[in-house]
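**Q** As given, the protein sequences belong to chains A and B, one line each in that order. The opening position of the first sequence corresponds to residue 1 in this note's numbering, with each subsequent residue numbered one higher. The opening position of the second sequence corresponds to residue 1 in this note's numbering, with each subsequent residue numbered one higher.
Incorrect hints may appear among the rest.
[As the list claims (entries may be wrong)] Quick list of the computed label-pair ranges, beta carbon to beta carbon:
1. D82(B) - A339(A): 14 to 20 Å
2. P405(A) - E188(B): 44 to 50 Å
3. G340(A) - A23(B): 42 to 48 Å
4. V211(B) - A434(A): 38 to 44 Å
5. I58(B) - L288(A): 29 to 35 Å
6. D145(B) - Q439(A): 46 to 52 Å
7. A487(A) - L149(B): 39 to 45 Å
8. I58(B) - G340(A): 42 to 48 Å
9. P154(B) - P433(A): 28 to 34 Å
10. S415(A) - D82(B): 51 to 57 Å
11. P405(A) - V194(B): 39 to 45 Å
12. M1(B) - A406(A): 40 to 46 Å
For the record, the hints were derived by calculation from the structure and aren't laboratory data. For every residue, glycine included, the Cβ atom is placed at its ideal position computed from N, Cα and C.
If you want the building blocks of each chain, they are given just below.
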Amino acid sequence: MDEPTTTAQPAPAGLGAHRGGALHWLRIVVLGLAAPGAATLIALVLPHAGIASAACLYLLAIAGAAVAAGPVAGMIAAIGGFLGLNYFFTPPEHTLKVRSADDAIALGVYLVVAALVGALVTRVTAERARAARREQEARSMHRVASAFLSPGPLERIVGDLAATLADVLSLERTEIRAVVSDRPITVRHPPPRPGEDGPHDDASRRFDLPLTTASGSYGTLIAYATPSRWPPTEEELGLARAVAGQIAAALELAELDERVSRARTEADASAARAALFSSVTHDLRTPLASIKASVTSLMDHEGRYDEVQRDELLGTILQEADRLNRLVGNILDLARMRAGALTPDRVQVDVEDVIGSVLARMRPSLKDRNVRTLLRPDLPAVALDPTQIDQVLTNVIENAVRFSPAGGTIVISASRWESFVEIRIADDGPGIPAEEREQVFQEFYRRDRGDGRGGTGLGLAIAKAIVQAHGGRIWAEGSPAGGALIALRLPVAAETADAETSTARR
Amino acid sequence: MSTILVVDDEPQIRRALRTALSAHGYATIEAGAGEAALDAAASRQPDLVVLDLGLPDIDGVEVIERLRGWSDVPVIVLSVRDDQAGKVKALDAGADDYLTKPFAMEELLARVRAALRRTERPGSAPATLRFGPLAVDLARRLVTDDGELVHLTPTEYDLLEALLTNPGKLLTHAWLLRRVWGPNYGDESHYLRVYVRQLRQKLRDDASSPVYILTEPGVGYRWLPDPDPDPLRT
Chain A
1 MDEPTTTAQP APAGLGAHRG GALHWLRIVV LGLAAPGAAT LIALVLPHAG
51 IASAACLYLL AIAGAAVAAG PVAGMIAAIG GFLGLNYFFT PPEHTLKVRS
101 ADDAIALGVY LVVAALVGAL VTRVTAERAR AARREQEARS MHRVASAFLS
151 PGPLERIVGD LAATLADVLS LERTEIRAVV SDRPITVRHP PPRPGEDGPH
201 DDASRRFDLP LTTASGSYGT LIAYATPSRW PPTEEELGLA RAVAGQIAAA
251 LELAELDERV SRARTEADAS AARAALFSSV THDLRTPLAS IKASVTSLMD
301 HEGRYDEVQR DELLGTILQE ADRLNRLVGN ILDLARMRAG ALTPDRVQVD
351 VEDVIGSVLA RMRPSLKDRN VRTLLRPDLP AVALDPTQID QVLTNVIENA
401 VRFSPAGGTI VISASRWESF VEIRIADDGP GIPAEEREQV FQEFYRRDRG
451 DGRGGTGLGL AIAKAIVQAH GGRIWAEGSP AGGALIALRL PVAAETADAE
501 TSTARR
Chain B
1 MSTILVVDDE PQIRRALRTA LSAHGYATIE AGAGEAALDA AASRQPDLVV
51 LDLGLPDIDG VEVIERLRGW SDVPVIVLSV RDDQAGKVKA LDAGADDYLT
101 KPFAMEELLA RVRAALRRTE RPGSAPATLR FGPLAVDLAR RLVTDDGELV
151 HLTPTEYDLL EALLTNPGKL LTHAWLLRRV WGPNYGDESH YLRVYVRQLR
201 QKLRDDASSP VYILTEPGVG YRWLPDPDPD PLRT
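One chain only, chain A, in its complex shape (with noise of 0.2 Å):
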């Protein structure tokens, strides 16, 4: 019908009963009033109108009021309908007098039935409102829940909850301040935008809720309300709190998480250090036990080794003492390379004169392998660390001859290519299957010769980690002769190398 005109709004209406304001109750009483005034004027106007469909028209502009401002209009519209039928339409008319016994009735009746009408339809109204209110929380409670469980950074995921929340009470904004492993966290909803100085909030509608779980706090959540939805209902505030414990909870996780995972990496090293600790006493005391078990041979004055025998036990001395120093030299390039000491000592060399000196100091260890070099005259000076990249080919040759047969051959190449110089030495031995070429290059990797003599597992990882440090590539491959191949790249100007090494950085 025609009264009344606002169309029902049953949630803002529900929620607007709790908020205060003088705005708010003049409505109540306006809309409470123009009801019955309006039903009056329609029964007036209306040709042969009794005081029956008169008290219809005013139980419609009572339900009206009711559903459009809540109970108290219905019932200023009910109290305002009693007198309006009364004065108009029982005669003694334009009087509140009552005539006859009928319309007594009639009027006591109508009391009764707009009371009733007025408490159904608010209550209908509040179920409706409360409802819909039950209805947002659920869905807004859900969409915390799937934020909370989606994976991904802790910012994500918290700023996903502060999101939802604002979104949910239609807050300005909001903002998260926390602290997680000792690491802070501010995620603000929305985000700042750059170039602003810092929004200005109304500090009259913030509320702050504390981040808090049942083992700790975490820091606070601070929300600003929009003008129309100030104060807070204790709906709201439920809701937020919420919203406020899932955020703490997912900060809980966090840091448990970051806890396991650095307890993780505490024994992951610890585990390291023990293998380290392991590996290197056995191959300090290996070579020392056969020192001494020779030596001590010699000392013994009875004469019982022969010329041959003798020069035997003084070969093994020597070569295991070579090998305790070159043990020990890996070990500190390793300590070097750990503490991030590696920095290449650049000059201008020539590789080949790099090749020749290794090979000029190694040749008491190669004099039963062939080694061909095939060099390609063009190639040019490369800044490079002399030292180093000495240790790098004396490793890798020392490998291309522990798992080569005597007799065998190793080819040493370099060529230029593109600003680059690649050095590649080639053995004969047995090979490296193509599984293990990555994990050669990994520390305390040792590949099984078949009489326990391998390495130490160092001389491949150190070789890679200088070729790296002078921003270059290392790495295996089959020998066209069915043996090993080391490659490596080293580049030829010093600045290229430091861009690569900046770039790989970042």
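Starting from the known structure of chain A, arrange chain B on it as the hints suggest.
**A** Relative to chain A, chain B alone:
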């Protein structure tokens, strides 16, 4: 009999050196610290000094510098450090040679012999030095290889002469540059790279397995062979 001053703070190393050197016919004097070494060098006038760089009182490089103030005695440095910067520092201070610990005794003995030969050479060097097929006439600045004349530019010849008149000695970049190019040079090691490469080509020497010129990368160069015995003098 040549006398060698052994300077090292480790008694075990001194004992090993003493045993080996005396077995090869050298007399030895020992010092365990820098000041004592300088005193011994002044009072006993050794023919050669074997010097450890890590001494308890003063740095080995300082010992070389102070020694060079009044003596030309050859100095062979022993050190556990093997970085090129440390080598260059000791050599530029006036050391003749450098060996990294641990070393093989035969290697040290070879360096000792080479250093002593350089000082024992009589005042007038032989007019022609021979290294197998290579003959260098120092008076006429002529180089022949297997009897064939090798054409060298004046700079190439000066560099060759600087190298082969110091056989076995490790010559640093700075020393060679000053000797060949002049006192205002010292940092231009790329000159040396270019000229050594040209020399090697003309002498048919291979950088990856050199017979004549060995590069100590980042440090300097060493002329490898000793001259053949002079038939006129022996």
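**Q** Look at each hint and say if it fits the structure.
**A** A quick look at each hint next to the structure:
| no. | hint | result |
| --- | --- | --- |
| 1 | D82(B) - A339(A): 14 to 20 Å | holds (18 Å) |
| 2 | P405(A) - E188(B): 44 to 50 Å | holds (46 Å) |
| 3 | G340(A) - A23(B): 42 to 48 Å | holds (46 Å) |
| 4 | V211(B) - A434(A): 38 to 44 Å | holds (41 Å) |
| 5 | I58(B) - L288(A): 29 to 35 Å | holds (33 Å) |
| 6 | D145(B) - Q439(A): 46 to 52 Å | holds (50 Å) |
| 7 | A487(A) - L149(B): 39 to 45 Å | holds (43 Å) |
| 8 | I58(B) - G340(A): 42 to 48 Å | violated (32 Å) |
| 9 | P154(B) - P433(A): 28 to 34 Å | violated (58 Å) |
| 10 | S415(A) - D82(B): 51 to 57 Å | violated (28 Å) |
| 11 | P405(A) - V194(B): 39 to 45 Å | holds (41 Å) |
| 12 | M1(B) - A406(A): 40 to 46 Å | holds (43 Å) |
The earlier numbered hints that this structure contradicts are 8, 9, 10.
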